[in-house]
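Novice: So the sequence lines, in the order shown, correspond to chains A and B. Residue numbering for the first sequence follows the numbering used here, starting at 1 and increasing by one per position. Residue numbering for the second sequence follows the numbering used here, starting at 318 and increasing by one per position.
Read the hints as simulated data drawn from the structure, not as lab findings. Here the structure is a predicted model, which means the values were calculated and not measured. Treat the hints with caution; some may be incorrect.
[Unchecked claim] Chain A is faced by these chain B residues, among others (derived, beta-carbon under 8 angstroms):
1. ILE420
2. MET422
3. THR423
4. LEU424
5. ILE473
6. LEU480
7. MET522
8. ILE528
9. GLY569
No residue lacks a Cβ here, since even glycine has one placed at the ideal position from N, Cα and C.
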Amino acid sequence: MLSVQALHIPDGFLSVVVSIFLWFISILIVGYALRRVGQDLGERQVPLMGVLAAGIFAGQMLNFAVAGGTSGHLMGAAIATILMGPWAAILIMTSVVSIQALIFQDGGLLVLGANIFNMAVVGVAVAYMAYRTVLRIAGNAKRGILIGGFVAAWFSIEIASLSVAMQLVFSGTSPAKLAIPAMAGVHALIGIGEGLITVGALAFLLSARPDLIKFGETRPVGGRLVWVVGLLVALVLAIASPLASTRPDGLEWVAMQNGFIDRAQAPLYRIFPDYLYPGVSHETLATIVAGILGTAIVLGVSLGVAYSRRNRQASGG
Amino acid sequence: MHIHFLDPYQRGHSPVHRTDARVKLVLSVAFILTTALIPIGVWPIYVLLFAMVISLVILSGLGVGFVFKRAALAFPFVLAALPLLFTTPGLQLFSLTLGTWEITMTLPGVERFFSIALKSWISVQAAILLTATTQFPDILTAMRAVRVPRLLVAIIGLMWRYLFVLADEALRLIRARSARSGEADVPGHRKGGRISWRAQTAGGMAGNLFIRSIERSERIYVAMLSRGYDGEVRTMPHPKLEVSNWIELIIGGGILILLLVLSLLIWE
């Protein structure tokens, strides 16, 4: 599954401070969503959420050729939100993102909190806000639902990608003036693909099982909260990111002021300040020593494994 | 067509396979956390962390090539850090003038870029080692042991169980589409319709998949009810951690803390 989407951050690209902060937020929101959906669905929660998450995961395999060997495919936050309501969609996307990280290394483990935040929290909240807003303007008819689906899908991808870009900038991994326009530009195109598939899926569902679309509408208890959060997230990211990227190094400056970048690079504290350690005073020397030590460890284990395997074969045959 | 190839678990009887999943999950996350905490440019510690992963890979019998190949999957993301080569202020290595653009590569930039790439690569290998040597139900048990909400674990567990079923459904949909997608090789004749039409077809397939998922979940729910499901997720109590598990945890954690302290000593 080759994907042009760059929403799954691997380990190593976010600083520890950013990763843990986003874990904290994601845990709070997912915990609340679990309670919320439990109240709505009761005992149906586990089978419905589990199978739909598997469905979204499998749905991400469906793609269509765009041009030049690239293909569009589905992330699914918008369609999950429209069908199931925001709280259930948060759970579904959390499961999808977790399985992708735990099993397929599509996204890291330490940064899983950040990936859940981007795709399950930002993706869903923004999709919900956009969908509700369009429905309020264009009405509940078929046209409103389809336009709402496209807008929700596009915004969920675009704002989630801005969120990824901001996290990279705050971690000191990417400079704002390159990361934000690049992510926003690429995902503005990818978002069109997401939007078209979402519209296709909604059009199919409207003619095959129109009751399912209504299904999502009866759910959003506490929907206003999600709407407001989605609006805030979208506004903050949509306004702050271009600001950060047009004003030269604005965000880096903020990050520097708050010590984010320093903390990302520097150790939290220093033992033995200004003390030259005998033997490892020179970095090159230390690297050579580590190289020798590392090679010795690997060699030792290899020999041990080979030896025990030969022994087993000898005793077995 | 069944996609069992999705399951990353590699059967084996190595000491790594036999280690308790809880120990492996905690140590893997601790290892990745340690790797993230090591400051930029402390190469000796990177070498030692790499040696640790590779030793365990060899011990597990997975094959270094297998792990390297899978680890390459996370590589495209390195693009995100590429600008660091040129934007980090510091000692200039060389500078290139392309028209109006002047590109300057700096030593701290190179150091940061390769540190991030290397740390990411080492972390991915640790995650691959975990999932390739641990069966997923064991990982779920381990997740419960580290206090992930029981309901969420149950949802993820059910998702895992039906992942292959629904992936098979998706593959059947894709096969049906290709079976009906003839391509006329007429010069000047556009193949496969407009993009929006193709997207709509893919969307219809996705919608179809959701209907199948929802209907399947209803059948599963009824089946669960008929087996006495009352909304409570009941799970087997996990066995107590044995002394040997604690020793593994302490040794693993100790090595990681030692590496962290060493990195702080070397870092300047």
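Novice: Evaluate each hint against the coordinates.
Specialist: Here is what the structure says about each hint:
1. ILE420: 12 angstroms, violated
2. MET422: 14 angstroms, violated
3. THR423: Cβ of THR423/B sits 13 angstroms from chain A, so the hint is violated.
4. LEU424: 13 angstroms, violated
5. ILE473: Because about 5 angstroms separates ILE473/B from the closest Cβ in chain A, which is inside the 8 angstroms limit, the hint holds.
6. LEU480: 5 angstroms, holds
7. MET522: 5 angstroms, holds
8. ILE528: Constraint on ILE528/B satisfied, holds at 6 angstroms.
9. GLY569: 14 angstroms, violated
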